[in-house]
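Asker: For reference, the chains in residue letters:
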Amino acid sequence: MLHIIRERLHQKYRTLDYPRVQPGLPARYPGRPEILAVHCGDCRACADACPTGAIRLLSPDAPGPGGADSGPALDMGRCLFCGACARACPQGGIRFTGDHHLATFCREDLILTRVPRPLTPPRRSGRLFARSLKLRQVSAGGCNACEADINVLGTLVYDLGKFGIDMVASPRHADGLAVTGPVSRNMREGLLATFGATPQPRLVVAVGSCAISGGLFRDNAECSNGLEELLPVDVFVPGCPPHPWSILDGLLRARTDTADWTV
Amino acid sequence: MVLDYEQSVALADVPVMSAEELRQEVLEQVRDGGRLLALFGLPGNGGAGLCAIVAHSGDRFLRAMRTAPLTQYASLTPDCPQAHLFERELWEQWNILPEGHPWLKPVRFVPHGCLTATPGERPGPAQLTHYRVDGEEVHEVAVGPVHAGVIEPGHFRFQCYGENVMHLEISLGFQHRDVERRLLGGPHPAHARLMECVAGDTSIGHATAFATLLERLAGVTIPERANRLRRLGLELERLANHTGDLGAIAGDTGFLPTSAWNGRIRGDFLNLTAEVCGNRFGRNWVCPGGVSVDVDAELCARLLDRLRHCWRDVREAVKVMFASASVMDRLEETGEISADTARTLGLVGVAARACGLARDARFDAPLSCLPLCETQIRVEKGGDVLSRARVRSRELADSVDLACTDIQALSHSEGAICQPLPDRLPAGRLAVAQVEGWRGEICHVGLTDAQGRLACYKMYDPSFHNWAGLEAALRGQQISDFPLCNKSFNLSYCGHDL
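These protein sequence lines are chains A and B, in that order.
Our numbering puts the first sequence at residues 14 to 276.
Our numbering puts the second sequence at residues 10 to 507.
Worth double-checking, as some hints may not be accurate.
[To be verified] With beta-carbon atoms standing in for the labels, derived distance ranges:
hint: 1; chain 1: B; residue 1: Leu379; chain 2: A; residue 2: Asp61; range: 31 to 41 Å
hint: 2; chain 1: A; residue 1: Ala234; chain 2: B; residue 2: Asn54; range: 24 to 34 Å
hint: 3; chain 1: B; residue 1: Leu379; chain 2: A; residue 2: Thr110; range: 35 to 45 Å
[As the list claims (entries may be wrong)] Interface residues of chain B toward chain A, partial, derived using beta-carbon atoms under 8 Å:
hint: 4; residue: Val155
hint: 5; residue: Gln184
hint: 6; residue: Glu284
hint: 7; residue: Val329
[Stated by the list, open to error] 35 Å max Cα-Cα, derived DSBU-like pairs, lysine-lysine:
hint: 8; chain 1: B; residue 1: Lys328; chain 2: A; residue 2: Lys175
hint: 9; chain 1: A; residue 1: Lys25; chain 2: A; residue 2: Lys175
hint: 10; chain 1: B; residue 1: Lys328; chain 2: B; residue 2: Lys390
hint: 11; chain 1: A; residue 1: Lys175; chain 2: A; residue 2: Lys147
hint: 12; chain 1: B; residue 1: Lys328; chain 2: B; residue 2: Lys114
hint: 13; chain 1: B; residue 1: Lys328; chain 2: A; residue 2: Lys25
These are calculated hints, taken from the structure and not from any lab test.
Here a beta-carbon is modelled for each residue, glycine too, at the ideal position from N, C-alpha and C.
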């Protein structure tokens with residue numbers, strides 16, 4: 014017993030007082046991309062380098078969201094955050110900022126252009142769940158990276174429980190679903206049944222590029238092109254996989270009623 | 010046909026045998042202590058023939074065999090049970106009937122004969138007939154596909170007599186994403202990223218296997234620095250996962266101190282990986298031809314310092330766990346598998362070593378000539394949960410040793426980290442890559458067509474072999490032992506389902 018207590022003292026207190034204290038992330042962690050105003054001309058280097066086709070080059074004939082009509086439009090919902098675009102751009106027009114706050118309430122808000130836009134507020138208030146949010150996690154073709162980084166929120170570094178958020182064992186106990194993976198054909202029925210078993214009102218959080226857009230498995234007969242094809246999604250947390258802090262940030266956002274909410 | 014594991018061979022040099030000759034040859038090799046690495050459908054003439062690859066421990070030469078396209082043959086499984094899943098897959102993908110297979114059923118619930126010109130119906134998971142035990146007091150427990158925890162989907166069927174499990178049947182396939190087929194016609198640059206999603210917790214393992222396979226097909230030797238960096242990635246992956254697994258085993262015995270600490274320390278190992286490549290799972294670390302990230306002396310010093318702190322923490326956390334009588338009592342003699350069963354089923358990795366089988370691809374098929382320091386194949390005799398935990402705990406020390414050696418070597422040297430591959434791979438060649446991931450041996454097999462594109466690609470996660478081991482481990486156990494046994498194997502669903 015004494016040696017357990019001695020070791021407990023040695024292992025120290027490790028919980029971060031998030032969101033009051035923001036985590037220090039590795040210098041090479043990419044985080045939120047930023048599109049800078051550079052002159053692209055005919056250059057398509059970023060779009061060609063992207064392994065998931067997350068980048069489209071805008072023109073006055075094919076403008077992007079918010080009316081941007083030049084430069085790249087980067088869809089974080091399809092992005093793997095591999096940084097290939099930033100390395101490919103000869104002018105340094107794409108930069109990864111290291112910011113882990115990535116979650117949005119609206120699919121289109123994940124598409125970044127050189128023109129910054131205000132975020133869309135949630136389609137309905139999450140205030141009901143402000144003090145207690147119980148989620149059922151469903152892995153639908155996920156590779157276990159998103160699942161592992163959701164699981165890690167239960168460890169003492171993140172201590173998800175202290176926010177009143179829990180991952181529960183049954184959809185009957187849940188206020189919503191946290192879905193990962195590109196929704197494989199063989200999991201479609203299981204996912205829909207789980208959603209159906211969740212009492213209303215219920216939230217759906219799509220975690221990871223696969224769940225948001227199909228990711229690397231997009232346009233594949235065995236997978237879907239994003240959860241929105243099947244279910245209404247309330248919060249999108251992009252990444253491959255998203256950093257646990259990004260997921261926690263997304264879950265905290267799910268409980269608010271404003272897009273201006275900052276931690 | 011004998012081939013050096015590091016070399017590719019021209020497919021034309023692999024003689025075509027009859028199905029019966031192949032069967033006899035495989036049976037003989039396996040009787041002599043060989044292990045079936047791969048048995049798959051080799052596309053040709055509108056159908057597929059068989060292609061088998063057998064490895065022998067401590068022998069750098071693999072045996073490759075093939076037949077002409079066929080539609081049925083006498084099943085190997087009755088005489089060589091480790092072929093059971095390979096044959097089910099052959100039947101599912103190519104509609105090749107292994108006559109006499111004792112339990113032919115779908116593997117991944119894809120349309121029957123999905124790789125043939127005329128695929129059939131997709132069997133629904135609900136249509137599967139499970140093995141059933143009848144009797145007045147016998148009951149059945151069905152779990153999944155959506156489990157109670159944050160975990161991937163799979164369906165488990167227990168045939169129970171009271172608390173005792175007479176039989177467990179696991180049916181998977183829910184995670185099937187058709188990864189192998191997406192590689193055909195490649196390699197494309199995006200495929201390196203795709204490989205990192207085969208099993209997210211083994212990103213570096215599968216990416217290394219894929220890259221190694223392409224390098225062997227192309228006949229390219231990668232720089233020594235790239236080999237060091239790859240090994241560092243693989244060992245960090247092993248450290249993180251072994252730490253997490255030991256914590257999960259502690260958690261399932263109700264021993265919360267180690268469970269809580271290891272959960273945190275696992276994250277710290279993942280964060281070390283992120284220091285190098287920006288991603289906790291090692292995405293973008295490995296690329297065909299070498300690695301995409303380098304480390305300088307300053308980063309090396311930081312890594313070394315943090316690694317030593319993590320090692321101290323995990324070593325003591327695990328020591329506390331093994332010093333607890335209640336934990337030891339719970340782990341001993343739970344989920345036992347005999348060495349014979351493990352050999353018969355062709356288990357690999359931690360599960361095999363815990364049964365006394367000296368199988369470790371780092372020794373059997375090393376990726377480079379880097380010295381292995383004090384590392385040994387960590388073998389235990391018991392075959393129970395305790396042995397699987399012990400193997401992991403011993404391997405932690407080895408991995409720290411290797412990682413420290415590599416970081417020190419990297420900090421004192423410089424050099425190229427990537428040898429680009431040619432635009433086109435040589436035509437008509439077959440190669441094999443074996444990488445010891447943290448679960449066990451990952452095996453990839455690839456074949457190029459006349460244009461040098463991938464005509465056939467097979468990948469075997471260690472889970473492919475080891476799920477049958479978990480089924481065997483549950484026989485005669487209490488159903489309440491299942492979570493603990495499951496954690497002690499910690500197999501991948503998507504690595505199996507692909």
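Asker: Please go over all the hints and tell whether each is borne out by the structure.
Answerer: Okay, the hints, checked on the actual structure:
| no. | hint | result |
| --- | --- | --- |
| 1 | B:Leu379 to A:Asp61: 31 to 41 Å | holds (36 Å) |
| 2 | A:Ala234 to B:Asn54: 24 to 34 Å | holds (25 Å) |
| 3 | B:Leu379 to A:Thr110: 35 to 45 Å | holds (37 Å) |
| 4 | Val155 | holds (5 Å) |
| 5 | Gln184 | holds (5 Å) |
| 6 | Glu284 | holds (5 Å) |
| 7 | Val329 | holds (5 Å) |
| 8 | B:Lys328 to A:Lys175 | holds (29 Å) |
| 9 | A:Lys25 to A:Lys175 | holds (18 Å) |
| 10 | B:Lys328 to B:Lys390 | holds (20 Å) |
| 11 | A:Lys175 to A:Lys147 | holds (12 Å) |
| 12 | B:Lys328 to B:Lys114 | violated (44 Å) |
| 13 | B:Lys328 to A:Lys25 | holds (17 Å) |
In summary, the structure is inconsistent with hint 12 from the numbered list given earlier, while agreeing with all the others.
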